[in-house]
Amino acid sequence: MGRKKSEISIGIRKLTICHWKRGSSERKIGEIVSVNKSTVHNIISKYKKTKSVKNRPRTGRPRCFTEREERWIVRKVICNPKTRAVKLTLKVQQRFNKSVNPETVRNILRKYNFHGRVARRKPFLSKAHRRARLEFVKSYIKKPQEFWNSVLFVDESKYNVFGSDGKQMVWRKPNSELEMKNLTPSVKHGGGTQMVWGCMSAVGVGNLHFIDEIMDKYMYLDILKQNLKQSAEKMGILPHYKLYQDNNPKHNAQICRLWALYHCPQVI
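Residue numbers (the numbering used here): 20 to 287.
No lab work stands behind these hints, which were simulated from the structure alone. No experiment lies behind these values; they were computed from the predicted model shown. Be aware that a few hints might be false.
Calculated lysine to any residue pairs in the SDA-like style (CA-CA distance at most 20 Å, straight line) [claimed, not checked]:
#1 192 <-> 97
#2 110 <-> 94
#3 73 <-> 58
#4 117 <-> 84
Full structure from sequences and hints, please.
Structure follows, in structure tokens:
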């Protein structure tokens, strides 16, 4: 690849034209401004055509898409953030009859502040679930710090022993990672995992109970009997602790609710 030629400065061009207007020869001008005769000739020729020593506007590479076409691409991603750039490129080619590279489509999305990110894994929530959660928040949001200091949070969670459950990429704007369309709903399933029951409060953490079988309401009740009071005592929140658990069907089973009613000071 040849070396790129240096551009003659505007000052040298103006000086060249000044000497030319005074009647100096191209060879003499070249000696004065320290450029070769052919360069002087080109500067003078361009000045005769344009009456200026400035560079003409450079057109550059033409746009691949119009603004309207770019907005069409962005709308596709807004409707389905999980659309892959390669598949979107195929749709673009069919729609506009243009041969483009997936990276061109990615650049357009970045131009409109959409960036490829891994979708957050969150439990699937229906509209009813979201309404119920909002009502719960409203009923407890004004509780003082002292109220929460004695709350004992309990739940079970799955941990992967090997690898991960995979990643899902989405096109989204900054600070929009928790919008429903940008989430990957997570569901419980087995395979190389370990289920663990645990509890914690503002004071610290309680017992851990490893679950090696499929948990039902009877197993869950046994876990509460073995670990709940012992954990509350360990954290120093007996006898006035408050039990907090989610609406898992096993948690809400009648035998579990009845046991909690008679053995827990308060259930949230």
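Hints and how they fare:
Between residue 192 and residue 97 the alpha-carbon distance is near 10 Å, which keeps this suggested pair within the 20 Å criterion. A threshold of 20 Å between alpha carbons decides the hint, and for residue 110 with residue 94 the separation of about 13 Å falls inside it, so the pair holds. In summary, the hint linking residue 73 to residue 58 is supported, as the alpha carbons are separated by about 15 Å, within the 20 Å threshold. Annotation: proposed proximity of residue 117 to residue 84 holds, straight-line Cα distance about 9 Å (limit 20 Å).
Violated hints for the displayed structure: none, as all numbered hints are satisfied.
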